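Visitor: Below, each chain spelled out in residue letters.
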Amino acid sequence: MKNTIKIERARHNLTQQDLADKVAVSRQTINSIEAGKYVPSTVLALKIAKVFELPVEAVFQLEDLDFE
Amino acid sequence: MNNRSFLTVPLLPTAWKKFAYLFFPLPILLVIGLAFSNPDTDPNEAAQIIYGFWAIGFGILNLTREKVEDEMIQSFRLQAFQTGFFWLIWGLGALMLINYLRFDRLTSEMFTAYLVLFLLNLYIYAAFQVQVYQSKKEN
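These protein sequence lines map, in sequence, to chains V and F.
Going by the UniProt record's numbering, the letters in the first sequence line up with residues 1 to 68, in that order.
Going by the UniProt record's numbering, the letters in the second sequence line up with residues 1 to 139, in that order.
Incorrect hints may have been included.
As a list, the in silico DSS-like pairs of lysine-lysine whose alpha-carbon atoms are at most 30 Å apart [claimed, not checked]:
1) V:LYS6 with F:LYS137
2) F:LYS17 with F:LYS137
3) V:LYS37 with F:LYS137
4) F:LYS137 with V:LYS2
5) V:LYS22 with F:LYS136
Take a look, some chain V residues computed to stay more than 10 Å from chain F by CB distance [claimed, not checked]:
6) GLU8
7) ASN13
8) ALA24
9) TYR38
10) PRO40
11) ALA49
12) VAL51
13) LEU54
14) VAL56
15) PHE60
16) GLN61
17) LEU65
These are calculated hints, taken from the structure and not from any lab test.
Fair warning: this is a prediction, and the values are worked out from it, not measured in the lab.
Don't be surprised by glycine CBs; every beta carbon is placed ideally from N, CA and C.
Bound conformation, chain V alone:
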């Protein structure tokens, strides 16, 4: 699953730590999600989307690999 967290963070002028504090996880977790190493739970994905005031599917998108 790909995501646009890095872009949205830049748009909202937020560091990884700022976003991590807003959604109550570690900076490392945000870094891992951005890098595609960790797929967040639905709750966390919704929280992140809410910070950016966007629908969740605007921040997280499925890839072909997810259907294999």
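Since the structure of chain V is already known, use the hints to place chain F on it.
Guide: Coordinates of chain F only, in the frame set by chain V:
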């Protein structure tokens, strides 16, 4: 969302990690002390003491909370317990095979509860640390 139930595993505070590290040098000192006080001490017994203490040490480490215990760490913890158990089964299988090839029997006195608990907790700890390391590695 609140999903507290009897299945929830309470984790120890982070400070317990320091206490857990005491269990690693302690049995070695104890075994050296035993060897001096009683030179006829059975080496297998000494090994069991070490396995027992290390099993407790790794057990405490596995049940101690990280500084930030978020959902990624919880998923690492779940994966570590599953992977640790999987490695234990294969590891014990390999030990039994080696034992069979060397001594013509599958079981051995060395397969004690202390050894099994030590290996299980070691594998769980290793699987958890590998995941934490991989998550910290640069993208």
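Visitor: With reference to the structure, classify each hint as holding or not holding.
Guide: Results for each hint:
1. Proximity of LYS6 (chain V) to LYS137 (chain F) is assessed by CA-CA distance (about 18 Å); at most 30 Å being required, the pair is judged to hold.
2. For the given pair, LYS17 (chain F) sits about 23 Å from LYS137 (chain F) by alpha-carbon distance, which is consistent with the 30 Å threshold.
3. Proximity of LYS37 (chain V) to LYS137 (chain F) is assessed by CA-CA distance (about 10 Å); at most 30 Å being required, the pair is judged to hold.
4. Between LYS137 (chain F) and LYS2 (chain V) the CA atoms are separated by roughly 19 Å; this keeps the pair inside 30 Å, and the hint holds.
5. Among the hinted pairs, LYS22 (chain V) with LYS136 (chain F) is consistent with the structure: their alpha-carbon atoms are about 21 Å apart, no more than 30 Å.
6. Against chain F, the non-interface label of GLU8 (chain V) holds: every CB pair exceeds 10 Å, the least being about 17 Å.
7. ASN13 (chain V), annotated as away from the interface, keeps every beta carbon of chain F farther than 10 Å; the closest lies near 21 Å.
8. Distance to chain F contradicts ALA24 (chain V) as a non-interface residue, since its nearest Cβ pair spans about 7 Å, not more than 10 Å.
9. Annotated as non-interface, TYR38 (chain V) brings its C-beta within 10 Å of a C-beta of chain F; the closest such distance is 5 Å.
10. Not every CB of chain F lies more than 10 Å from the CB of PRO40 (chain V), the least distance being 7 Å, so the non-interface label is violated.
11. With a least CB separation of 16 Å from chain F, ALA49 (chain V) remains clear of the 10 Å interface cut-off, as annotated.
12. Separation of VAL51 (chain V) from chain F is adequate, the least Cβ-Cβ distance of about 15 Å exceeding the 10 Å criterion.
13. Once the 10 Å rule is applied to beta carbons, LEU54 (chain V) is consistent with being away from chain F; the minimum gap is 21 Å.
14. At roughly 16 Å from the closest C-beta of chain F, the C-beta of VAL56 (chain V) stays outside 10 Å, upholding its exclusion from the interface.
15. Remark: the non-interface label on PHE60 (chain V) is consistent with the geometry, its nearest Cβ contact in chain F lying 15 Å away (cut-off 10 Å).
16. No Cβ of chain F approaches the Cβ of GLN61 (chain V) within 10 Å, the least distance being about 19 Å, so the stated non-interface status holds.
17. Residue-level check passed: LEU65 (chain V) sits 18 Å from the nearest beta carbon of chain F, beyond 10 Å.
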